[in-house]
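**Student:** Top to bottom, those sequences are chains A and B. Offset between the first sequence (1-based) and the working numbering: plus 699. Offset between the second sequence (1-based) and the working numbering: plus 2.
Among the clues, some could well be false.
Said to hold, decoys possible - SDA-like mimics (lysine to any residue), calculated; alpha carbons at most 25 Å apart, straight line: (1) B:Lys130 <-> A:Lys772; (2) B:Lys200 <-> A:Pro811; (3) B:Lys123 <-> A:Phe928; (4) B:Lys101 <-> B:Tyr201; (5) B:Lys132 <-> B:Lys101; (6) B:Lys123 <-> A:Leu920; (7) A:Lys715 <-> A:Ser1113; (8) A:Lys1207 <-> A:Ser1045; (9) B:Lys132 <-> A:Phe928; (10) A:Lys1207 <-> A:Pro1118; (11) B:Lys194 <-> A:Arg812; (12) A:Lys772 <-> A:Arg812; (13) A:Lys772 <-> A:Phe743; (14) B:Lys130 <-> A:Leu1073; (15) B:Lys123 <-> A:Gly762; (16) B:Lys130 <-> A:Pro1198; (17) A:Lys1041 <-> A:Pro1198; (18) A:Lys772 <-> A:Ile861; (19) B:Lys200 <-> A:Arg812; (20) B:Lys130 <-> A:Pro935; (21) B:Lys103 <-> B:His213; (22) A:Lys977 <-> A:Val994; (23) A:Lys715 <-> B:Leu18; (24) A:Lys715 <-> B:Val22; (25) A:Lys772 <-> A:Thr740; (26) A:Lys1207 <-> A:Glu1226; (27) A:Lys772 <-> A:Gly762; (28) A:Lys1207 <-> B:Leu173; (29) B:Lys132 <-> A:Arg937; (30) B:Lys130 <-> A:Thr936; (31) B:Lys103 <-> B:Leu184; (32) A:Lys715 <-> A:Leu736; (33) B:Lys200 <-> A:His882; (34) B:Lys194 <-> B:Leu111.
What the hints assert, rightly or not - Derived coverage of chain A by chain B (criterion: at least 3 residues anywhere in the stretch with Cβ under 8 Å from a Cβ of chain B; other residues may be distant): (35) 871 to 879; (36) 911 to 923; (37) 927 to 933.
Hints in this document: simulated from the structure, not taken from any laboratory. Every residue gets a Cβ at the ideal spot worked out from N, C-alpha and C, and that includes glycine.
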Amino acid sequence: MATVAISAEREHYLNKEYGIRSWLLTTDHKRIALLYLISITFFFFVGGFFALLIRLELLTPAGDLVQADTYNKLFTMHGQVMIFFFLIPSIPAVLGNFLVPLMIGAKDLAFPRINLLSWYLYVIAGVIYVHCILTGGVDTGWTFYTPFSTAFSNTRVIEAGIAIFIVGFSSILTGLNFVVTIHRMRAPGMTWSRLPLFIWAHYATSIIQLLGTPVLAITLLLVVFERAFNLGIFDPTRGGDPVLFQHLFWFYSHPAVYIMILPAMAVESEIVACFTRKRIFGYNFVAMSSIAIAVFGFLVWAHHMFVAGISLYSALIFSILSYLVAVPSAIKVFNWTATMYKGSISFTTPMLYAFGFIGLFTMGGLTGLFLAALGIDVHVHDTYFVIAHFHYIMVGGAVMGYLGGMHFWWPKISGRMYPEGWGRLAALLVFAGFNLTFFPQFILGYMGMPRRYWQYPPEFQVLNVLSTAGSTILAVGYVLPMIYFLWSMRYGKIASDNPWGAAGLEWKTTSPPPTFNFEEAPEVTWEAYNYEEIPAPAEVSVER
Amino acid sequence: MSDSPIAVEQHGPELLHHFVDAEQQRDAAALGMWLFLATEIMFFGGMFCAYLIYRFWYYNEFAAGSRSLDIWLGTINTAVLICSSLTVALGVRAAQMGKRKLLVVLLLLTIVFGFAFLGIKGVEWYDKYKEHHIPGNSFNVDDLVRDYPQLHIDPRHEQIYFSLYFAMTGLHALHMIIGVGLFVFLTYYAWKGRYTPKYYTPVEMGGLYWHFVDIVWIYLFPLLYLIDRHR
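So that you can see chain A by itself, here it is in the shape it has in the complex:
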């Protein structure tokens, strides 16, 4: 693609074409990644808004800001927006979309038009869901448990169900594109054992998206059929079994947790290797642990149902299998830590997020083991202990990974550096705000405060006030990066092709990359993370 440059400025994917059509009809994976970035950021703030309302309501023991019905809708829509419209697509659809072809040396994903279609499906689902919110919302809890969702709820369950059904297909198509791309589009010399661990984790994620999401789709469709056409597959008055719904729902929705955390682990591996300037310790184990998490992830779903009336024996087996997931997860944590050992660590913003990730993910994972134990689970089931646990994984893990990745690859995406000082400040605010928000919830849950209530006994107030205070700090920490990312697009320092001195094919092309990613097709002759051969960059300057 060596065309004559018209202006003095180098041509890249951002300035090749202008105008709304060149974005809305693009098949360039990098532009689609940015379309996703804008849409999921919108939904992140929608979901965050619901979260703040929840925390404000819980500032006092009495129900004063909202009443029970509204509160039910708030936590339902907070969960559905954050999970289906933000976390599931966050890293795969933004960073994965942008980086998977770059990292394996391909010109694009295997099916660029299907990639664009997946974004349109996301937008259609988003519009339906926003319409659902604006016309009354939905109050079933994000889990759509029957028979409440099918027979009793008076809210817009059908609309929410259809929106999530459609957004599921967007997720399936992204996963399908990644698997085919990773299998068929690798550059010459890019063998499986030379793949960046980012790719391995996305491969595992995509497998879950492909095999799990269709089960959620059919489950929600049956709920919609039950409401709309009076079918009775989960209806207990006709002999249907609500626990069957729970089985089918969690068959997807537990692996969905790994759709959220595996890509964050993908980012983590890249950042840790780069800022310790070492090859990742135990490459093969980290790669295979991603696959192991994807496989085990499909075998543990009923640990969400220990008190739902499943047999003791199946609960026992699901409990043991749930413990097994800890093994590959721990392999990853230990290997990242071992990578840092005697590494040359620099405390840049992405690395701060990476440190935060390791700490918070470990806490989330270990409390997950508490919950996998049958006895403790019965005690803390449906309490704030569970809430704190999965927020440590999903927010402390997945969102930290997402933000770390956004900072790490922002120079590549935008061609500009973000302000390092503000970046570090925001990372610290997020870490502090997060812990202040969610650590008290562990204690609250252990003391017995149940989830999904708008009121609580006065003795829980102190910890709830702490939690709400933390959530405001967290909000500042999330708004800051959005502001300085936007600022840096115009005023940021021009980024070099490889500002971090990082390994990986994506750093060998220009920043931002040209439309077809590489001026000439790359050929890989080196192993992944060959940091001993890459000169370290000068100390990253802290500018404000």
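Position chain B relative to chain A; hints supplied.
**Tutor:** Quick look at chain B alone, frame taken from chain A:
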């Protein structure tokens, strides 16, 4: 995947820019289609799972519901679908050999079989509607209770069978409709002569989809129609 002279020779207008050669493009499409079919198996799998559990619990109701279906229409429909799979397979072969007219005829025949299947299915559903066997407020299986006294049918549980019947055959029919739509496109482009022995991937992929939908029916037919017929 190298830039061998043969690969360069294969650069036709249908080769998209981001692929190295036609073989890579074909491989990608085939893998993509198989993965998509895997997701479809999981999609129908949810219903098959529900079917398995409820058939175990409510066997008598499932047997009575199954006997109330028209076995002749079901058998004819099975035959129709098997024939359509044959025309699809022959069509892929015709595309491979570059026989344009034969390909168009075979694709058209497939579409005709597809419509025949949907028509017969529609007749069966209409019969169920007349018999008040559609789950909901006007659901009534007094006729089944009367006809099969030895089965001791619980009418509430009978609704589960018919809920599954309509969900499964309904979603299968939806896949048939999508398939027919797909084949209309394929026929149009085949008629325009787009498919050659070097490039017939869409015909092959459409064929995979069609065979999949066919296979789903091959499972649905015995599971829904042939429960306890021998007694």
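**Student:** Take the hints in turn and mark each one as holding or not.
**Tutor:** Comparing the hints with the structure gives:
no. : hint                    : verdict
1   : B:Lys130 <-> A:Lys772   : violated (39 Å)
2   : B:Lys200 <-> A:Pro811   : holds (22 Å)
3   : B:Lys123 <-> A:Phe928   : holds (19 Å)
4   : B:Lys101 <-> B:Tyr201   : holds (13 Å)
5   : B:Lys132 <-> B:Lys101   : violated (47 Å)
6   : B:Lys123 <-> A:Leu920   : holds (21 Å)
7   : A:Lys715 <-> A:Ser1113  : holds (14 Å)
8   : A:Lys1207 <-> A:Ser1045 : holds (22 Å)
9   : B:Lys132 <-> A:Phe928   : holds (17 Å)
10  : A:Lys1207 <-> A:Pro1118 : holds (23 Å)
11  : B:Lys194 <-> A:Arg812   : holds (23 Å)
12  : A:Lys772 <-> A:Arg812   : violated (36 Å)
13  : A:Lys772 <-> A:Phe743   : holds (17 Å)
14  : B:Lys130 <-> A:Leu1073  : violated (47 Å)
15  : B:Lys123 <-> A:Gly762   : violated (54 Å)
16  : B:Lys130 <-> A:Pro1198  : violated (69 Å)
17  : A:Lys1041 <-> A:Pro1198 : holds (23 Å)
18  : A:Lys772 <-> A:Ile861   : holds (17 Å)
19  : B:Lys200 <-> A:Arg812   : holds (22 Å)
20  : B:Lys130 <-> A:Pro935   : holds (23 Å)
21  : B:Lys103 <-> B:His213   : holds (22 Å)
22  : A:Lys977 <-> A:Val994   : violated (29 Å)
23  : A:Lys715 <-> B:Leu18    : holds (19 Å)
24  : A:Lys715 <-> B:Val22    : holds (23 Å)
25  : A:Lys772 <-> A:Thr740   : holds (21 Å)
26  : A:Lys1207 <-> A:Glu1226 : holds (14 Å)
27  : A:Lys772 <-> A:Gly762   : holds (14 Å)
28  : A:Lys1207 <-> B:Leu173  : violated (48 Å)
29  : B:Lys132 <-> A:Arg937   : holds (22 Å)
30  : B:Lys130 <-> A:Thr936   : holds (22 Å)
31  : B:Lys103 <-> B:Leu184   : holds (19 Å)
32  : A:Lys715 <-> A:Leu736   : holds (20 Å)
33  : B:Lys200 <-> A:His882   : holds (23 Å)
34  : B:Lys194 <-> B:Leu111   : holds (18 Å)
35  : 871 to 879              : holds (count 5)
36  : 911 to 923              : holds (count 9)
37  : 927 to 933              : holds (count 5)
In terms of the numbered hints stated before, the structure departs from hints 1, 5, 12, 14, 15, 16, 22, 28, listed from lowest to highest.
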